[in-house]
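Construct the entire structure; sequences and hints are all you get.
There are 2 protein chains.
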Amino acid sequence: MGCLATTHTKAIQKVDVPTFDWPIAPFPKLRYPLEEFVRENAQEEARCLEEVEDLIVKWGKRGKPVAGIVIEPIQAEGGDNHASCDFYRKLREIARKHGCAFHVDEVQTGGGSTGKFWAHEHWGLDDPADIVSFSKKMLTGGYYHKADFSPDKPFRIFNTWLGDQTKNLFLTEVLKVIKTERLLEEVKRSGKVMLQGLYELQTRYPHLLNTARGIGTFCAINVKDEATRNNLILKARNKGVVLGGCGVTSIRFRPALVFKEHHAHLFLNIFNDALAELN
Amino acid sequence: MGCLATTHTKAIQKVDVPTFDWPIAPFPKLRYPLEEFVRENAQEEARCLEEVEDLIVKWGKRGKPVAGIVIEPIQAEGGDNHASCDFYRKLREIARKHGCAFHVDEVQTGGGSTGKFWAHEHWGLDDPADIVSFSKKMLTGGYYHKADFSPDKPFRIFNTWLGDQTKNLFLTEVLKVIKTERLLEEVKRSGKVMLQGLYELQTRYPHLLNTARGIGTFCAINVKDEATRNNLILKARNKGVVLGGCGVTSIRFRPALVFKEHHAHLFLNIFNDALAELN
Numbered sequence: 001m002g003c004l005a006t007t008h009t010k011a012i013q014k015v016d017v018p019t020f021d022w023p024i025a026p027f028p029k030l031r032y033p034l035e036e037f038v039r040e041n042a043q044e045e046a047r048c049l050e051e052v053e054d055l056i057v058k059w060g061k062r063g064k065p066v067a068g069i070v071i072e073p074i075q076a077e078g079g080d081n082h083a084s085c086d087f088y089r090k091l092r093e094i095a096r097k098h099g100c101a102f103h104v105d106e107v108q109t110g111g112g113s114t115g116k117f118w119a120h121e122h123w124g125l126d127d128p129a130d131i132v133s134f135s136k137k138m139l140t141g142g143y144y145h146k147a148d149f150s151p152d153k154p155f156r157i158f159n160t161w162l163g164d165q166t167k168n169l170f171l172t173e174v175l176k177v178i179k180t181e182r183l184l185e186e187v188k189r190s191g192k193v194m195l196q197g198l199y200e201l202q203t204r205y206p207h208l209l210n211t212a213r214g215i216g217t218f219c220a221i222n223v224k225d226e227a228t229r230n231n232l233i234l235k236a237r238n239k240g241v242v243l244g245g246c247g248v249t250s251i252r253f254r255p256a257l258v259f260k261e262h263h264a265h266l267f268l269n270i271f272n273d274a275l276a277e278l279n
Numbered sequence: 001m002g003c004l005a006t007t008h009t010k011a012i013q014k015v016d017v018p019t020f021d022w023p024i025a026p027f028p029k030l031r032y033p034l035e036e037f038v039r040e041n042a043q044e045e046a047r048c049l050e051e052v053e054d055l056i057v058k059w060g061k062r063g064k065p066v067a068g069i070v071i072e073p074i075q076a077e078g079g080d081n082h083a084s085c086d087f088y089r090k091l092r093e094i095a096r097k098h099g100c101a102f103h104v105d106e107v108q109t110g111g112g113s114t115g116k117f118w119a120h121e122h123w124g125l126d127d128p129a130d131i132v133s134f135s136k137k138m139l140t141g142g143y144y145h146k147a148d149f150s151p152d153k154p155f156r157i158f159n160t161w162l163g164d165q166t167k168n169l170f171l172t173e174v175l176k177v178i179k180t181e182r183l184l185e186e187v188k189r190s191g192k193v194m195l196q197g198l199y200e201l202q203t204r205y206p207h208l209l210n211t212a213r214g215i216g217t218f219c220a221i222n223v224k225d226e227a228t229r230n231n232l233i234l235k236a237r238n239k240g241v242v243l244g245g246c247g248v249t250s251i252r253f254r255p256a257l258v259f260k261e262h263h264a265h266l267f268l269n270i271f272n273d274a275l276a277e278l279n
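From first to last, the protein sequence lines stand for chains Z and L.
Residue 53 in this note's numbering is what sits at position 53 of the first sequence, and the numbering runs on without skipping anything.
Residue 25 in this note's numbering is what sits at position 25 of the second sequence, and the numbering runs on without skipping anything.
Please keep in mind that the hints were generated in silico from the structure rather than gathered at the bench.
All the given hints hold, so there is nothing to weed out.
Take a look, some chain L residues computed to stay more than 12 Å from chain Z by CB distance: (1) PRO33; (2) GLY63; (3) GLN75; (4) ARG96; (5) LYS116; (6) TRP123; (7) TYR143; (8) VAL177; (9) GLU181; (10) GLN196; (11) TYR199; (12) ARG237; (13) VAL258; (14) GLU261; (15) ALA276.
Facing chain L, from chain Z, some residues (calculated, C-beta under 10 Å): (16) MET1; (17) LYS10; (18) ILE12; (19) GLN13; (20) VAL15; (21) PRO18; (22) VAL107; (23) LYS136; (24) ILE157; (25) THR160; (26) TRP161; (27) PHE170.
To give an idea of the interface, some chain L residues facing chain Z are shown, with a C-beta separation under 8 Å as derived from the structure: (28) MET1; (29) LYS10; (30) ILE12; (31) PHE155; (32) ARG156; (33) PHE158.
Ideal Cβ positions, reconstructed from N, Cα and C, are used throughout, including at glycine.
See the structure below:
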């Protein structure tokens, strides 16, 4: 229920499920490429941070104090929305100031696809996240947290396998491969090719594509409307490339960590062919 | 939340978790050995079935129709409480009559420890359960259900790995071993030794033990009080045997499926030594 209450994923998954009464703060809607809209984006982020603090104060007065802030390093299901490192550092300060736990959801971003093992490493926090959750690239689901957040009673959180050793074996292997095959460096290299390629495609097809963005291979691009987006995904699939949508008109790219520069070139050619058919 | 609302496990796990408003019917409190108290037990079961039907009617009138009945073939966390096959068949009829789904929770009983693959196979139902959940012995958690209970929309139930193939690999292997090593037959043999041994021990230590009961190796025995029960578990542990409590004064036995007759003898000797120290 907690997951479904926070997610921005498909509405069908929330039907008939009760939800929690909690405040949702706006995530900054930035203009891309980020380096061209620094001043406008800083204003938008300041607006959102102010709203976060207002909500915390307002809910506190209503006798429903905000226990924690849940935030993604890139708002993924919501449409691959980015925010600056400065935004996240200030958000962390707001959490600390008001005694809210700071939970960084790295389910999609964690495990290396942004070129660092944790996407929030990009931020340069002076006080680490209180709780970090992860999954996807790490072939399991889990979380880690500061010692203060341990349950205060034995058996408070308990299940049959207490962590599932078999999943830990997988995780150990995943971590080993990431390290020995230097996959974070691969991600940086192939991510650069990807993003550069997406910039070129949106220049070539400005009436179809806009707002290319990304860190590492964690990239996305917007299509002019939802129907065209879905059609483009279909055309790519018929050429052997599986893409996923996010938000209303975005396509998100989530290649595996073993995705290399030549894969990026291969993909960009196929994507170009699919776009040419729509042209 | 649904799991925590239905379980009879440790109270600490429910603290601070919201719960659902739903009716809990009494589970029969039978006298053991079952074959000695047939008439009394049939009366107790009839009382409980009547209460189930009353609750369904009462909640229906209140505009909160009962969607389903959740039942274990042996009420496990509640203290290893048994009921007759006749009780379960009648309960299934009540569910059908009132349009309630009939969900058999085989998390603890499923996978072979009662000498049949599913404990509810002992009942001889003419209409199968609508939903069966399982875990434990099957090294994964899952459920199966009648086709009518499939979600009516795509993506209604969805997660990243859609069933987790790695768990299916484990499950395939578990099923293979159960079959090729004829583990259900082993369970019947070692379970007979276990239960016979527990009967003998409660005759030898009548002031400490009572109410030995079980099907296959899924056995339990009651200790005179909670403190003595916990002390007995500790003494057994110090002799190399890990036991678990259930209910307030019960000890439950949940050996692995590879538990053989000689393991049962080995255990009974150690358990006898632990009891002798308490004597």
